[in-house]
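Student: Take a look at the letters that make up each chain.
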Amino acid sequence: GENVEQHPSTLSVQEGDSAVIKCTYSDSASNYFPWYKQELGKRPQLIIDIRSNVGEKKDQRIAVTLNKTAKHFSLHITETQPEDSAVYFCAASETGTASKLTFGTGTRLQVTL
Amino acid sequence: DVKVTQSSRYLVKRTGEKVFLECVQDMDHENMFWYRQDPGLGLRLIYFSYDVKMKEKGDIPEGYSVSREKKERFSLILESASTNQTSMYLCASSYPQGVAGELFFGEGSRLTVL
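Sequence order for the protein chains is A and B.
Residue numbering for the first sequence follows the working numbering, beginning at 5 and increasing consecutively.
Residue numbering for the second sequence follows the working numbering, beginning at 1424 and increasing consecutively.
None of these hints come from the bench; they were simulated from the model.
Some hints could be false.
[As the list claims (entries may be wrong)] Computed footprint of chain B on chain A; a stretch qualifies when at least three of its residues, placed anywhere within it, have a C-beta under 8 Å from a C-beta of chain B: (1) 35-43; (2) 47-57; (3) 108-114.
Treat the numbers as computed from the prediction; the structure is a model and nothing was measured.
Cβ coordinates follow ideal geometry from the N, Cα and C atoms, glycine included.
Could you build all of it, start to finish, from the sequences and the hints given here?
Tutor: In structure tokens:
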């Protein structure tokens, strides 16, 4: 089955700096890579996703890059703000009869003033 | 807005008890999932279902079973609760069948087994 590794487990940045979270996956058949944000006490919510026919996708201050050859994908947050503080999860999925997401172990991002 | 509702936010049960966790979604989604969330381990898939009466094992199905008698409802059952099943349980739904897409999560059920 799929295995997703995520680094770092914790990340502290100053407000206004950039943050990068990296993930690797094992199954070359995976073709869908979402990122979820979970604020304290809340449910995880999708913030951005990318499919394997695209190398990069951007949405305002958030971008995701995908390297299928190396089986890497990364989340980039620019101009971080205190409300970006949360746990971020990457995930990978193969499209099939039932799309099953395998999650990474999460990165706790702390944006300090 | 998609709404995924989990019946209980907090439960405390004793070892050996049978536990039912209920999840209902209101958007006619084909796919439903049960994940378990533990610190440092992320979200791990227990079971999922892509149609009524269909179920598939996830990565950690041992000690759990599921039921999907109606499209909108997906139940997780712990036949005989054990202390190592103390955790946060998250239900999720998505659509369409056969295409990887956004998961809509419930608020979670925190289960403590004494």
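Student: Run every hint past the structure and note whether it holds.
Tutor: Verification of the supplied hints:
| no. | hint | result |
| --- | --- | --- |
| 1 | 35-43 | holds (count 4) |
| 2 | 47-57 | holds (count 5) |
| 3 | 108-114 | holds (count 3) |
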